[in-house]
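The whole structure should be built from the sequences, with the hints applied where relevant.
Top line first, the protein sequences correspond to chains A and B.
Start counting the first sequence at 1; every next residue gets the next number (this note's numbering).
Start counting the second sequence at 1; every next residue gets the next number (this note's numbering).
Hints in this document: simulated from the structure, not taken from any laboratory.
In this text the structure is predicted, and so the values were computed from the model without any measurement.
The beta carbon of each residue, even a glycine, is placed where N, CA and C say it ideally should be.
The reader is advised that the hints may include incorrect statements.
What the hints assert, rightly or not - To spell it out: a stretch of chain A is covered by chain B in this simulated footprint if at least three of its residues, at any positions, have a beta carbon under 8 Å from a beta carbon of chain B; those stretches are:
1. 22–30
2. 41–55
To be verified - Computed far set for chain B versus chain A, every beta-carbon distance over 12 Å:
3. 26
4. 62
5. 97
6. 192
7. 222
8. 224
9. 226
10. 262
11. 264
12. 268
13. 298
14. 312
15. 334
16. 401
17. 403
18. 416
Unchecked claim - Calculated cross-link-like contacts (lysine-lysine; reagent style DSS-like; alpha-carbon spacing at most 27 Å):
19. A:149 with A:159
20. B:11 with B:233
21. B:405 with B:241
22. A:60 with B:233
23. A:149 with B:233
24. B:241 with B:11
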Amino acid sequence: MSTLADFAARIASGTIRVVDLTHTLDPDFPVIILPPEFGQCARFRMEEISAYDHRGPAWKWHNISMSEHTGTHFDAPSHWISGRDVPRGAVDEIDVADFIGPACVIDCSDGAAQNEDFELTVPVIEEWEKAHGKIPAGSWVLMRTDWSKRTGAPYLNMKDDGPHSPGPTPEAIRFLIDQRNIRGFGVETVGTDAGQGSHYTPPYPAHYYLHGAGKYGLQCLTGLDALPPTGAVLVAAPLKIKNGTGSPLRVLALVENT
Amino acid sequence: MTQPIAPPPKKNPQVRSQSPTRPPEVRSRAAMHLTAAAAEGRFSLQRCGECGVVQYPPRDACGACLSTDLPWEDMPEGGTVLAETTVHASPRLYFRERMPWRSGTVQLDAGPTVLAHLHGDVPRHARVRIQARLDHSGQGVLIALPAQDTPNMEDDPLMRALSADPKHRRVLITDARSPHALALTRALRQAGAAMIFAGEPEGWRPYPQRAALEAEGVEILPMDVTDTISVQKLAGEIGGKTDILINTAQFLRPGGVLDRGDTGFARDELEVNYLGLMRLAQAFGPGMAARTADGVNSAIAWVNLLSAGALCNAQPFGSFSASQAGAYSLTQSLRAEFRSSGLRVMNVFFGPTEDDSWYQPLPPPRVTSSALARAVVNGLQRGLEDVWCGDIAMDLRDRFRRDPKVLEREMTMGGEGA
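In structure tokens form, the structure reads like this:
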């Protein structure tokens, strides 16, 4: 049996599970909030065109609208000023093979439960590697915080001094890029950076360093608690938007039952 | 003395809701001026420019000298009842449903004798105050009120028919995040509103006045006027008990065309200010229009809060003003579409406000939320269609009426040099 035929058979038989890491595109799903004088991220919206009625008797369909960065979404290098000159930095230019790759899941859920500003630091990563081995080059690194289980206001967790949610330190992101050459970084929160990420140097270090190095981001993931620390493969293909800086997408994880 | 209206009992679900009926709507073109003044709460009649005689009813030529120079003029409200009758039979459905109906002739201090509906507290041959009010057909009619206010006079059936009084009614404030929502809530409570609902967009974002609204007993329910599904959902839940809808949703940013460079905020302005109104009307309008004869807490009014920039583009809020002009035009369509139901559409125009942070760089005078809320409630109690709140709105209105082109030219001055 060829590898692909074997792969398809294993999915059909359930020895490879397909896990959905995607939030439903819902008009009420939170998006990132910027100071109001800046342009804002469009919320997901859906307008009925017809529903088997006088507007179209035999069919139902909707017009939808949203930002490239609404819901569970992909960040391309061209999203950030540091990545503006990265070759093939837009979603339509990225090598499609990059959209399928292995994932390392660093469980920060205990820390995030105790501290809403929990930081993924180099020691945390090193601790994880002691247990699960060195992060292979070309991996997605997913920061599990169980943040996706929050709904409503606690999700953004916006306070008078800005949002509070976990994220990586500048050093941790540099480490993942420089020492481990990862494919990208994925989170359950609304951005790859911590809620208070604007107060690091540089501000928003995950965005700044990842995209400057041609790496990708995955945001608003859910279901990371269903993944093993290593061994899962992500399928995360953004829409082919001309010069797109990101895209809502369906993120699937393939997990081998052992 | 008028008997106060008791809070209505819960509705009997086995009884068919009454269909709305209307008093006669047809008027001469001349008489429409009486309606236009009544829409703003003014009592106006023609005074002959040649001989000075005040005219009634409205006409095209002076009854005394046949001059066609008949400008409209606000009149003193004093008068004396000459004769009265109580009607017990009428071929008009509207009046049959409201028998007996009291009306009379009143000798105005201004000269002519007019026909007026008589308030129940007006004694025979008494001194009265004449006011022009809009009836269920949206036409101006004259009412005679007691010379001095009497207890509970606003509860007289005539007054209920010629107002949109919030007393005992259930009100929906469409956007709880509006800087005016709290002041509106307090003013409506004071006016006797039975329930206040508020739509809350994006409950996942905190805002400071939420706790205060809850403390006022407001029922906060999710709705975002840019999200059709959420509007339909809330209308499905409370549309059948929304008696007054006050649309407080507004998206405001400074900027015109060239200084923005994109259509992002303009799209938001249209989504909220124009399409939001349309979504609300499509979801709540039919249900409200069907309930305009539903007793003490019948559906009665649709209130729009509009910038006076709807009349003439107001820099530096050029694009916002355009969205307000669009919304204003849409409210006129709504008026036409609600007309046969008797559901009133009241527009409250105002200038820069104290409480909306985007107006912070503008000099005074600015409208406070409490003044705006008072204007809304007062307008409802008087059954108005157009309310102008604050000096800037009234000034714009007056200049617009004098000459819209002159106003436009004044509002679009350029700077020196190029």
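> Given the hint that residue 149 of chain A pairs with residue 159 of chain A, does the C-alpha gap stay at or below 27 Å?
Replying inline: The hint holds at about 19 Å.
> Does the no-contact call for residue 224 of chain B survive, Cβ to all of chain A over 12 Å?
Replying inline: Nearest chain A Cβ is 7 Å from residue 224 of chain B, so the label is violated.
>> At 12 Å, judged by beta carbons, does residue 334 of chain B keep clear of chain A as stated?
In response: holds, 20 Å
> Beyond 12 Å from every Cβ of chain A: is that where the Cβ of residue 298 of chain B lies?
Replying inline: Non-interface label stands for residue 298 of chain B: nearest chain A Cβ at 31 Å, farther than 12 Å.
>> At 12 Å, judged by beta carbons, does residue 226 of chain B keep clear of chain A as stated?
In response: Residue 226 of chain B is in fact no farther than 12 Å from some Cβ atom of chain A, at 7 Å.
> Was residue 403 of chain B rightly flagged as not at the interface, with every chain A Cβ beyond 12 Å?
Replying inline: At about 36 Å from chain A, residue 403 of chain B clears the 12 Å cut-off, so the statement holds.
> Does the no-contact call for residue 268 of chain B survive, Cβ to all of chain A over 12 Å?
Replying inline: At about 8 Å from chain A, residue 268 of chain B fails to clear the 12 Å cut-off, so the statement is violated.
>> With the threshold set at 27 Å, check whether the alpha-carbon distance from residue 405 of chain B to residue 241 of chain B stays at or below it.
In response: The hint is violated at about 44 Å.
>> Using C-beta distances, would you say chain B covers the segment 22–30 of chain A, given that this needs three or more residues below 8 Å?
In response: It holds: at least three residues are needed, and the segment 22–30 of chain A offers 3 whose Cβ sits within less than 8 Å of chain B.
> CA of residue 149 of chain A to CA of residue 233 of chain B, is that 27 Å or under?
Replying inline: Holds. Residue 149 of chain A to residue 233 of chain B sits at ~25 Å (cutoff 27 Å).
> Would the least Cβ to Cβ distance between residue 62 of chain B and chain A come out above 12 Å?
Replying inline: Its Cβ never comes within 12 Å of chain A, the nearest being 54 Å, so this holds.
> Checking the smallest CB distance to chain A, is residue 222 of chain B really beyond 12 Å?
Replying inline: Not fine: 7 Å to the nearest Cβ puts residue 222 of chain B too close to chain A.
Violated hints, listed in ascending order, are 7, 8, 9, 10, 11, 12 and 21; each of the other numbered hints is respected by the structure.
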